[in-house]
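Peer 1: Those sequence lines, one after another, are chains R and X. Just so we're aligned, residue 10 is where the first sequence starts under the working numbering, counting upward by one. Just so we're aligned, residue 28 is where the second sequence starts under the working numbering, counting upward by one.
It should be emphasised that the hints constitute simulated quantities derived from the structure, not laboratory data. In this text, a Cβ means the ideal position worked out from N, Cα and C, and glycines have one as well. Be aware that a few hints might be false.
Some, not all, of what chain R presents toward chain X, calculated at C-beta under 10 Å [to be verified]:
{"hint": "1", "residue": "Asn106"}
{"hint": "2", "residue": "Ile133"}
{"hint": "3", "residue": "Ala145"}
{"hint": "4", "residue": "Ala185"}
Below, a list of computed lysine-lysine pairs in the DSSO-like style, where the Cα atoms sit at most 27 Å apart [said to hold, decoys possible]:
{"hint": "5", "chain 1": "X", "residue 1": "Lys140", "chain 2": "X", "residue 2": "Lys37"}
{"hint": "6", "chain 1": "R", "residue 1": "Lys126", "chain 2": "X", "residue 2": "Lys116"}
{"hint": "7", "chain 1": "X", "residue 1": "Lys190", "chain 2": "X", "residue 2": "Lys207"}
{"hint": "8", "chain 1": "X", "residue 1": "Lys358", "chain 2": "R", "residue 2": "Lys193"}
{"hint": "9", "chain 1": "R", "residue 1": "Lys193", "chain 2": "X", "residue 2": "Lys206"}
{"hint": "10", "chain 1": "R", "residue 1": "Lys193", "chain 2": "X", "residue 2": "Lys514"}
{"hint": "11", "chain 1": "R", "residue 1": "Lys132", "chain 2": "X", "residue 2": "Lys190"}
{"hint": "12", "chain 1": "X", "residue 1": "Lys358", "chain 2": "X", "residue 2": "Lys427"}
{"hint": "13", "chain 1": "X", "residue 1": "Lys37", "chain 2": "X", "residue 2": "Lys514"}
{"hint": "14", "chain 1": "X", "residue 1": "Lys116", "chain 2": "R", "residue 2": "Lys132"}
{"hint": "15", "chain 1": "R", "residue 1": "Lys167", "chain 2": "X", "residue 2": "Lys293"}
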Amino acid sequence: MLKRKITLSITLPLIVIAFYLISFYWNEWFCITMPRHQLVQLPSMFFLGIILALCFPKLFINDISWSIATLIFIMASLIFWMLPHSIDYAVINNSFNRLMHINMLLDGFLLVLVFRKIFFELKILFLGMITAMLLASGITLSVFNILLCSSFTIEQQKQTGHSLIIIATAMFVFTAFIFFRTLKQQSKS
Amino acid sequence: MIQIDSTEIKKQKKLALTWAITFLILFPVLITLGLLMRLRQGEITETGPSEFFSYMTLHGLGMAGILFTFAFAALWYLNSTRYVRLNLKFGWFLYFLILIGVVGLLYGTLIGKFGPGWYMLYPLPFKGTFWPAWATKVSVISLIILGVAWLLGILHMIYALAKQYGGLTNLLGWQYLGKKENITEIPSVVLITTISLIPGVFALIIGAAMLIMYLLQSFEPSLAFDPLMMKNMVMFFGHTLVNITMYCAVGWVYALLPEFTHREWKVNKAVVYSWNASFFFILFAYLHHLYMDFVQPTSLQYLGQVVSYSSAIPATGITMFGVIAQVYHAKMKWSIIPLMFLFGMAGWAIGGFAAVVDSTIALNSSLHNTLWVPAHFHTYMLMGVVLFIFGFLFYLFSGKDKEEKDGLGKAGFWIFVLGSYGFLLMFYLGGLNSVPRRYSNYSGLEIDHVRETGAHLAQCAALFVGVLLVGLILMYLSLFCKLIQQKVSTKESNS
Numbered sequence: 010m011l012k013r014k015i016t017l018s019i020t021l022p023l024i025v026i027a028f029y030l031i032s033f034y035w036n037e038w039f040c041i042t043m044p045r046h047q048l049v050q051l052p053s054m055f056f057l058g059i060i061l062a063l064c065f066p067k068l069f070i071n072d073i074s075w076s077i078a079t080l081i082f083i084m085a086s087l088i089f090w091m092l093p094h095s096i097d098y099a100v101i102n103n104s105f106n107r108l109m110h111i112n113m114l115l116d117g118f119l120l121v122l123v124f125r126k127i128f129f130e131l132k133i134l135f136l137g138m139i140t141a142m143l144l145a146s147g148i149t150l151s152v153f154n155i156l157l158c159s160s161f162t163i164e165q166q167k168q169t170g171h172s173l174i175i176i177a178t179a180m181f182v183f184t185a186f187i188f189f190r191t192l193k194q195q196s197k198s
Numbered sequence: 028m029i030q031i032d033s034t035e036i037k038k039q040k041k042l043a044l045t046w047a048i049t050f051l052i053l054f055p056v057l058i059t060l061g062l063l064m065r066l067r068q069g070e071i072t073e074t075g076p077s078e079f080f081s082y083m084t085l086h087g088l089g090m091a092g093i094l095f096t097f098a099f100a101a102l103w104y105l106n107s108t109r110y111v112r113l114n115l116k117f118g119w120f121l122y123f124l125i126l127i128g129v130v131g132l133l134y135g136t137l138i139g140k141f142g143p144g145w146y147m148l149y150p151l152p153f154k155g156t157f158w159p160a161w162a163t164k165v166s167v168i169s170l171i172i173l174g175v176a177w178l179l180g181i182l183h184m185i186y187a188l189a190k191q192y193g194g195l196t197n198l199l200g201w202q203y204l205g206k207k208e209n210i211t212e213i214p215s216v217v218l219i220t221t222i223s224l225i226p227g228v229f230a231l232i233i234g235a236a237m238l239i240m241y242l243l244q245s246f247e248p249s250l251a252f253d254p255l256m257m258k259n260m261v262m263f264f265g266h267t268l269v270n271i272t273m274y275c276a277v278g279w280v281y282a283l284l285p286e287f288t289h290r291e292w293k294v295n296k297a298v299v300y301s302w303n304a305s306f307f308f309i310l311f312a313y314l315h316h317l318y319m320d321f322v323q324p325t326s327l328q329y330l331g332q333v334v335s336y337s338s339a340i341p342a343t344g345i346t347m348f349g350v351i352a353q354v355y356h357a358k359m360k361w362s363i364i365p366l367m368f369l370f371g372m373a374g375w376a377i378g379g380f381a382a383v384v385d386s387t388i389a390l391n392s393s394l395h396n397t398l399w400v401p402a403h404f405h406t407y408m409l410m411g412v413v414l415f416i417f418g419f420l421f422y423l424f425s426g427k428d429k430e431e432k433d434g435l436g437k438a439g440f441w442i443f444v445l446g447s448y449g450f451l452l453m454f455y456l457g458g459l460n461s462v463p464r465r466y467s468n469y470s471g472l473e474i475d476h477v478r479e480t481g482a483h484l485a486q487c488a489a490l491f492v493g494v495l496l497v498g499l500i501l502m503y504l505s506l507f508c509k510l511i512q513q514k515v516s517t518k519e520s521n522s
C-alpha cells in the first residue's frame, strides 16, 4: 500500500508536468509541422493516458455494453482528430487544441480500463481495425496531392503519411504479438 | 473431451439449421446468376453489360462469401457440439451481422448495379463506371461488415479452442513433434480449424485496410493509390479467404468420414508437419495472381511459383493418403454422405492440379485471363467445397441413421455431378482455346475461331447448368424430406 502511494506520488506529478510541457510549454513547437503535431503530440497524450491508467491497477470497466461503447467512443475520437478540419482548427485555436489533448489523454486512460477485462475477440478486433485504419490513412496521406490541412505543407502531409504506414506496420506486428501471446498463455492457465 | 449437454447441442443444431437453410436459399440464386451470364455469353439472351457485370460481381462475392460463411458455420457446429463450448448468443449475433452484410451487398449489386467483379481491381470501381457512387459505398461498407463478423467469429472459435486444449502450440499439434509420452491429444478437426482460421485473421485485417481505402476514394474521387499495392492487398485478402474455405471444409471430412468407415483418423506427426507447412504457405500463395504485373519484383514472381507448388502438396497429399487409408477395404455402406466426401476430394485434387498448372509461370503466360482460370476454381469450389457442404448438410439433416438408403438424394447427386463436370469441361475447353474470361459476350473478338468457340461452349455450359439444377432440385427434395422426418421423430420422442 505504502509502495503504491509512493509510486503514485512520484508518477502523478510527473504526468502533470509532462502534460503541461506537451500541451502548453512546447505546444507552439509541436504545431509547426504536421508530423510533430499528429505523430508526436497526439500519441504522447495518448500514452500519458495509458501511464495514468497503469497507476490505478484496480480500475477497470467490466460491463460488456460499457466496454463496447467506450471502444466506439475511442475509435470515433481517433477518427475525429484525423479529419483535416479538426486538425486545422486545433492548430489555430488553443482551446480546441487543448480539448484534443484532453480527449487523447482520456482515450488512452479508458483504453487500459477496457482492455483489463474485455474479451479477447474484441481486443484483437479493436487493435486490428485501428491497424487497418492507420494503414489506410497513412497510404492516403502519402499519395494525396491536394493539401488537406491548410496549416501545414504538402511535404509534411506526405511525411506524416509515410510515418503512419510505419506505425501501422508496427501496430500490425503488435496485434499479432498480442494475438499469439494470449493464445499461448492459455497453456499456463 | 468435455461433456456438452443435450440442450446445448439442440440449441447449437438450431443455429446450424438456420445457417443451412439460409445457404440453401442463397446458393441456387447465385447459380442462376451464373447461368444468366453463360446464356449471355452464348448469345441466347440479350442481357446488357451493366446487368452482366453486376451479376458477375454478386456471383463471385456471394459465392466466396456464402461458402466461407457456411464452412465456418459447419466448423462452429462440429466444434461446439463435440469439443468446446462456444457462445450461442454470440453465434446468433454473428448470423444477423452477416445477414446485414449480405442484404447490403444484394442491394449494392442488384439495385445499384455495382459491377467491378469480386476482386474490385483498382482503379476499376472508380474509373469509367456505369454504376452510381452510392452503390460502391454500400457494397464496400457491406463487405466491411462481413469482414468484421468473420473476424469476430474466427477469434471467438480460436480462443475457445486454445482455452480448451491448453494454448496455441497444442492447437497447432506441436506436442506431437516432441518425445513426451503424455501429450494433450487433439482431434484432427481442431488442428485443421486452427490452421485454416489463423491466416484468415491477417487476411481480414489487410482486407479491412484495403476496403477503408476504397471507401476513402469513394468519398474523395481525386485520390489515387498505387494499383500494384492495391492488387497485392486484394489478392492477399481474397485468395487467402478462398483457400481457407477449402481447408475448413476438409476439416469436417476428417471428423465425419471415420463415422462411416469405422476407422480412427487421428492426428500424428505426418499430419502435423503437413498442415503446419500449409499454414505457412497459405499466406504467400496469392503471389501467383500477379504474374502478368511486370512491375512486381521478379523475386516475388519466383516465390509465387515455389509457394504455390509447396502449398498444394503437403495438406492435399496427406489428406488424399488419409482418405485412401480410410476407405480401402473398409466395411462401409456407400451412403450419400461418404460418397459426397469422396467426390469432393476428387474435385479438390482435380481443381488443385489445374490450379498448379495455372500457377506455373511458363503456362500462365498462355492461360492467364482465359477461361482456364474460372475452370480451376469452379472445379475445387463446385466439385470440392460444395460437395463437402452438401455432405455435411445431409449429415445434419439426417436422423440417427446416417447410413440409410436415399434413392432420391443419390439420383440428385449423380445428376448434379454429371451436370457440374459437363459445365466445368466447357470452361477448360474454353481456356485451351484461349477464350478470355470476364467478357459479357464474345462478339467483339477479332479471331473468328475464338469468338465462335466461346459462344458455342457457353451454350453447352448453360445446358449443363440446367442438368446441374435438376440434380440440385432432387437433392433439395431429399434434404427437405429428411428435415420433415427429423421433426416428426423429434415430436414423437417428446410426446
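Peer 1: So, for every hint listed, does it hold in this structure?
Peer 2: Right, here's what the structure says about each hint:
Below 10 Å, beta-carbon pairs count as interface contacts, and Asn106 of chain R has none with chain X, the closest being about 25 Å; its hint is therefore violated. Using the Cβ-Cβ criterion of 10 Å, the hint placing Ile133 of chain R at the interface with chain X is satisfied: the shortest such distance is roughly 5 Å. Because the smallest distance between the Cβ of Ala145 of chain R and any Cβ of chain X comes to about 4 Å, under 10 Å, the interface hint for this residue holds. Against a cut-off of 10 Å between C-beta atoms, the interface hint on Ala185 of chain R holds, since the closest Cβ of chain X lies about 7 Å away.
Between the alpha carbons of Lys140 of chain X and Lys37 of chain X the distance comes to roughly 41 Å, so the proposed pair goes past 27 Å and is violated. For the given pair, Lys126 of chain R sits about 19 Å from Lys116 of chain X by alpha-carbon distance, which is consistent with the 27 Å threshold. Our distance criterion of 27 Å between C-alpha atoms is met by Lys190 of chain X and Lys207 of chain X, whose separation comes to about 21 Å. Under the criterion of a C-alpha separation no larger than 27 Å, the hint pairing Lys358 of chain X with Lys193 of chain R is inconsistent with the structure, at around 41 Å.
A hinted pair counts as satisfied when its Cα atoms are at most 27 Å apart, and Lys193 of chain R with Lys206 of chain X qualifies at roughly 20 Å. Our distance criterion of 27 Å between C-alpha atoms is broken by Lys193 of chain R and Lys514 of chain X, whose separation comes to about 43 Å. In summary, the hint linking Lys132 of chain R to Lys190 of chain X is supported, as the alpha carbons are separated by about 16 Å, within the 27 Å threshold. With a CA separation close to 19 Å, the supplied pair Lys358 of chain X and Lys427 of chain X stays within the 27 Å bound.
Between Lys37 of chain X and Lys514 of chain X the CA atoms are separated by roughly 12 Å; this keeps the pair inside 27 Å, and the hint holds. The straight-line distance between the Cα atoms of Lys116 of chain X and Lys132 of chain R is roughly 19 Å, inside the 27 Å bound, and the hint therefore holds. Between the alpha carbons of Lys167 of chain R and Lys293 of chain X the distance comes to roughly 55 Å, so the proposed pair goes past 27 Å and is violated.
Checked against the numbered hints given earlier, the structure breaks hints 1, 5, 8, 10, 15 and satisfies all the rest.
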